[in-house]
Amino acid sequence: MKKAIRSVSVWMLALVFTAGIAFQPSAMAANEGMVTTQQLLSQQQHSENLAKVNAFMSQEKVQQMLTERGVNVEDAKTRIAGLSGAELEQLSLQIDELPAGQGALGFLLFLLVFFMLLDIAGVTDIFPGV
Amino acid sequence: MRFNWSARQRALLLLLFALLQACVATPQTDALLQGDDGTPVVQPRIYLSSTVFYPQSQYQCGPAALATVLTESGVLVEPDELVSQVYLPERQGSLQVEMLATSRRYGRIALPLGGQLTDLMQELEQGRPVLVMQNLGLKSLPQWHYAVAVGYDLANEEILLRSGTVETLRTPMTVFERTWARADHWSVVLLEPGTLPVNSTAQQYFTALASFEQINEDTSEPAWKAGLERWPESELLAMGYSNLLYRKGRLAVAAEILELLLQRNPDYQPARNNLQQIRQQLDEPTAN
Numbered sequence: 001m002k003k004a005i006r007s008v009s010v011w012m013l014a015l016v017f018t019a020g021i022a023f024q025p026s027a028m029a030a031n032e033g034m035v036t037t038q039q040l041l042s043q044q045q046h047s048e049n050l051a052k053v054n055a056f057m058s059q060e061k062v063q064q065m066l067t068e069r070g071v072n073v074e075d076a077k078t079r080i081a082g083l084s085g086a087e088l089e090q091l092s093l094q095i096d097e098l099p100a101g102q103g104a105l106g107f108l109l110f111l112l113v114f115f116m117l118l119d120i121a122g123v124t125d126i127f128p129g130v
Numbered sequence: 001m002r003f004n005w006s007a008r009q010r011a012l013l014l015l016l017f018a019l020l021q022a023c024v025a026t027p028q029t030d031a032l033l034q035g036d037d038g039t040p041v042v043q044p045r046i047y048l049s050s051t052v053f054y055p056q057s058q059y060q061c062g063p064a065a066l067a068t069v070l071t072e073s074g075v076l077v078e079p080d081e082l083v084s085q086v087y088l089p090e091r092q093g094s095l096q097v098e099m100l101a102t103s104r105r106y107g108r109i110a111l112p113l114g115g116q117l118t119d120l121m122q123e124l125e126q127g128r129p130v131l132v133m134q135n136l137g138l139k140s141l142p143q144w145h146y147a148v149a150v151g152y153d154l155a156n157e158e159i160l161l162r163s164g165t166v167e168t169l170r171t172p173m174t175v176f177e178r179t180w181a182r183a184d185h186w187s188v189v190l191l192e193p194g195t196l197p198v199n200s201t202a203q204q205y206f207t208a209l210a211s212f213e214q215i216n217e218d219t220s221e222p223a224w225k226a227g228l229e230r231w232p233e234s235e236l237l238a239m240g241y242s243n244l245l246y247r248k249g250r251l252a253v254a255a256e257i258l259e260l261l262l263q264r265n266p267d268y269q270p271a272r273n274n275l276q277q278i279r280q281q282l283d284e285p286t287a288n
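Chain order of the listed sequences is A and B.
Numbering-wise, the first sequence is residues 1 to 130 according to the numbering used here.
Numbering-wise, the second sequence is residues 1 to 288 according to the numbering used here.
Everything labelled a hint here was simulated from the structure, so no lab data went into it.
Glycine included, C-beta positions come from ideal geometry on N, C-alpha and C.
Hints may be right or wrong, so weigh each one.
For each label pair, taking beta carbons as the anchor points, the in silico distance ranges come out as [stated by the list, open to error]:
#1 Ile215/B with Leu66/A: 24 to 32 Å
#2 Ser57/B with Glu68/A: 30 to 38 Å
#3 Asp267/B with Ser42/A: 44 to 52 Å
#4 Ala86/A with Gln263/B: 14 to 22 Å
#5 Ala155/B with Thr78/A: 48 to 56 Å
In silico DSBU-like pairs for lysine-lysine, Cα to Cα no more than 35 Å straight-line [stated by the list, open to error]:
#6 Lys225/B with Lys248/B
#7 Lys225/B with Lys52/A
#8 Lys139/B with Lys77/A
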């Protein structure tokens with residue numbers, strides 16, 4: 001079974017390489033060897049995404065979380081630098097959506113404090129120690 | 001009933017206030033009103049009172065706000081016309097990317113600002129209303145809203161908005177800063193090609209313009225020209241302008257711009273490459 005999987009993956013690799021070689025020259029021919037504005041734009045967006053992901057990775061909280069899960073931060077950064085444009089875009093989009101998740105934590109804290117206050121005022125009695 | 005606060009209860013209250021303080025910090029408003037070092041000086045009060053007002057229909061703040069800034073930038077359009085382009089019924093709202101893309105379809109460059117209150121105010125000083133996004137709810141329970149900033153008043157500490165069904169909404173600056181910060185300080189101006197923002201970087205302008213050009217090649221030339229005049233050291237803008245001229249068949253001027261760029265930065269490979277290509281087509285001996 002393992003052998004079969006391996007041979008399939010070899011085939012896939014071969015396919016990817018041939019496709020890469022087959023498509024590259026035609027792409028070059030299409031823009032006559034000029035560096036186009038759209039290429040510069042995607043490059044620009046790529047480096048912006050990379051900067052965003054790296055800034056995220058540099059946060060102490062994130063590094064702590066990674067370390068707790070046995071991930072070496074420097075290794076992670078090296079891997080990120082090697083991601084494709086689309087992958088990086090995906091990651092950066094997810095970071096954009098993260099604040100909602102962090103907010104959920106904040107909301108939890110807010111609820112907790114709110115209930116403590118109600119306890120103090122004698123409306124509820126969830127925290128008998130207070 | 002007598003309140004007899006124990007030391008523990010007082011400590012808890014103090015903690016609560018400290019937490020609340022942390023949630024509601026408004027660093028930009030504080031810096032601006034105290035006139036901190038490095039804060040740009042803006043006029044005390046601006047109100048672009050002639051800005052058109054389109055009251056929003058249910059949930060449709062996106063189309064209404066976008067129609068407002070489009071109209072002010074010289075494109076006459078009603079919110080109804082935009083609904084099908086930016087409004088997603090199942091989400092009862094509009095996505096930011098679609099707001100930008102639709103602006104481009106109407107021939108305007110959508111330029112996101114840097115996220116400082118003063119950026120916004122400086123645009124207002126120029127008579128340009130600013131499209132803003134706010135989160136009126138909590139981070140975890142968001143209530144997204146688009147509005148248009150049309151003025152401010154430093155003495156009263158207010159931001160003036162065309163918002164929802166209110167023609168002139170006077171929002172305390174601190175409240176605006178908080179709701180705006182929860183939407184990542186999202187703010188956008190629409191530029192007619194050839195006009196420039198007050199505060200931006202060459203990179204930000206390039207990104208906005210290159211995205212605009214994908215569907216507006218015919219009208220993008222004044223924008224490249226104005227941009228390169230403002231940021232003559234920008235490689236990206238020189239490349240973009242040169243590429244446009246090249247596509248239009250004006251090879252000599254396209255080459256000239258690249259030569260100027262290479263005088264400043266001889267190692268910039270994309271320009272060397274393109275110049276070589278153009279020179280080959282001009283049938284000149286290649287110097288590089």
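A quick look at each hint next to the structure:
no.	hint	result
1	Ile215/B with Leu66/A: 24 to 32 Å	41 Å, violated
2	Ser57/B with Glu68/A: 30 to 38 Å	49 Å, violated
3	Asp267/B with Ser42/A: 44 to 52 Å	22 Å, violated
4	Ala86/A with Gln263/B: 14 to 22 Å	37 Å, violated
5	Ala155/B with Thr78/A: 48 to 56 Å	53 Å, holds
6	Lys225/B with Lys248/B	14 Å, holds
7	Lys225/B with Lys52/A	30 Å, holds
8	Lys139/B with Lys77/A	28 Å, holds
Comparing the model with each numbered hint stated earlier shows that hints 1, 2, 3 and 4 do not hold.
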